[in-house]
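Colleague: So the protein lines, in turn, are chains A and B. By our numbering, the letter at position 110 of the first sequence is numbered 159, and the numbering carries on one by one without gaps. By our numbering, the letter at position 54 of the second sequence is numbered 276, and the numbering carries on one by one without gaps.
Straight-line alpha carbon distances no greater than 35 Å define the calculated DSBU-like cross-link-like pairs of lysine-lysine that follow:
no., chain 1, residue 1, chain 2, residue 2
1, B, K330, A, K67
2, A, K66, A, K106
3, B, K330, B, K290
4, B, K290, A, K106
5, B, K330, B, K283
6, A, K106, B, K330
7, B, K271, B, K290
8, A, K66, B, K330
9, B, K271, B, K330
10, B, K283, B, K271
11, A, K106, B, K271
12, A, K67, A, K106
Chain A stretches covered by chain B per the calculated footprint, using a threshold of three residues with CB under 8 Å from any CB of chain B:
no., segment
13, 91-104
14, 150-157
So, partial list: chain A residues that the calculated Cβ filter (under 8 Å) puts toward chain B:
no., residue
15, Y82
16, L139
17, H147
If you're looking for bench data, these hints aren't it; they were derived computationally from the structure. Backbone N, C-alpha and C define an ideal beta-carbon position, used for all residues, glycine too.
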Amino acid sequence: EADIYQTPRYLVIGTGKKITLECSQTMGHDKMYWYQQDPGMELHLIHYSYGVNSTEKGDLSSESTVSRIRTEHFPLTLESARPSHTSQYLCASRQEIHGTQYFGPGTRLLVL
Amino acid sequence: AQSVTQPDIHITVSEGASLELRCNYSYGATPYLFWYVQSPGQGLQLLLKYFSGDTLVQGIKGFEAEFKRSQSSFNLRKPSVHWSDAAEYFCAVGPEINQAGTALIFGKGTTLSVSS
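With these hints in hand, go ahead and build the complete structure from the sequences.
Modeller: The following block contains the structure:
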């Protein structure tokens with residue numbers, strides 16, 4: 050089993066609030082990713098990181114931002130949550146050898 | 223362009239029957255290939271992966287997949303499905319590791335329902 054953690058698992062919040070979704074991995078992987086996934090739908094890459102101090106936007110435009118100050122930590126922040134941000138957010142990290150991606154359990158966000 | 227196609231959006235299989243989920247990819251070089259499973263409200267769990275060598279790979283939970291280069295396919299199979307196998311299944315293709323930051327390319331997923 051991969052050691053990648055996400056908190057909170059579930060979050061209900063009002064419009065306009067600032068939120069940070071946490072993601073941590075203990076495998077020492079340099080490459081990390083955030084995906085957005087609506088229920089029963091495909092995954093959309095919204096952010097990724099090569100390593101410390103590296104962040105890039107993914108294929109799907111997102112109003113969220115990320116940071117990578119430490120190898121093990123890759124938090125995602127929404128400065129002002131809106132109902133359109135309601136979704137599941139999945140964090141992943143990638144093994145250097147063969148490139149296997151390991152996923153966290155996800156954060157289900159509901160913005161009212 | 224690199225892509226992964228899962229032709230079946232939804233499949234229903236009787237418990238105890240065999241299963242095959244299809245996956246086709248478009249990729250310039252020999253890819254790394256993966257199958258993941260996702261239960262409702264959960265993250266993705268790796269079922270199996272192919273990097274090289276034997277084209278028939280075994281995974282967890284009794285699943286296997288076969289890489290067929292001539293057909294650009296990596297179909298997932300299980301000889302006898304259990305009700306607990308009902309979930310969403312994603313096929314993915316991976317680029318070379320030296321393409322820094324490049325994530326796996328995922329198909330849109332196949333929903334498996336198991337009937338009694």
